[in-house]
Amino acid sequence: MLKALLPNLLLLLPFPGIGQIMLRSLNVNHPDSNIVFIGIDNYLELKTTDTKKDLRLYAPKASVFKLSNTKYVIHVSTIGNTLFEVYDYSKSPRELLLSKTFTSRVIPDPEARIGYTKDSTLTIAEILANPQLHVVYPNSGYTNSSVIMRFKLTIIYTDLASRAFNITDGNQLTDQQMNAIKELSSGDKLVFEDLAVTCPGCRSYKLWPYSITIK
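Residues in the sequence shown are numbered consecutively from 1, following UniProt numbering.
Everything labelled a hint here was simulated from the structure, so no lab data went into it. Backbone N, C-alpha and C define an ideal beta-carbon position, used for all residues, glycine too. Please note that a few of the clues may not be correct.
[To be verified] Below, in silico cross-link-like pairs of lysine-lysine (BS3-like), each with a Cα-Cα straight-line distance of 25 Å or less:
1. K152 - K91
2. K47 - K118
3. K152 - K100
[To be verified] Here are the computed distance ranges between Cβ atoms for each label pair:
4. V64 - G187: 50 to 60 Å
5. H75 - T121: 14 to 24 Å
6. K206 - K182: 25 to 35 Å
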């Protein structure tokens, strides 16, 4: 019985150096989710208790650019698993400290959301709880610094009458818009158009229209 359990028990034992170092992605909402994205700069960080070691990161299926002894920029080009290995070159021969597999994914198209909500049918209270428009990449976990810098809001009522507001600068609903939303009924719609987005290091672009139906 003990012999049968021995291989599994060995997997649970800490190996020298491995328990003291972690490799995390800074491009996702949850850094421990082991995801990298195709076509962008992926920032990976080594968390270690000893920053004096000569640490080096290798990945056979990725391009690795070292920013510091603990931070790297990674480029991947294929979907699937990408193996990363961390070595300590302050020892001779070099010592493998960590071997970790990340999943390479394609980033979905960005979309607008009100208050980071996921549903397209919301209550008035849910809309007014966080009356800001944000850029999201659905179901990817990708974190970004994109900002909606202007938008146009039109309310379409259930009787097909409509009310259009002027272009709004920024990503925040105005007091006038929020007061109008407070008076809406179930089935009325908010339609956000001309969603202009900016982000560091990228050209301004527009998102597809985004609509919400009142519960």
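Taking the hints in turn, this is what the structure says about them:
| no. | hint | verdict |
| --- | --- | --- |
| 1 | K152 - K91 | 60 Å, violated |
| 2 | K47 - K118 | 32 Å, violated |
| 3 | K152 - K100 | 45 Å, violated |
| 4 | V64 - G187: 50 to 60 Å | 53 Å, holds |
| 5 | H75 - T121: 14 to 24 Å | 39 Å, violated |
| 6 | K206 - K182: 25 to 35 Å | 28 Å, holds |
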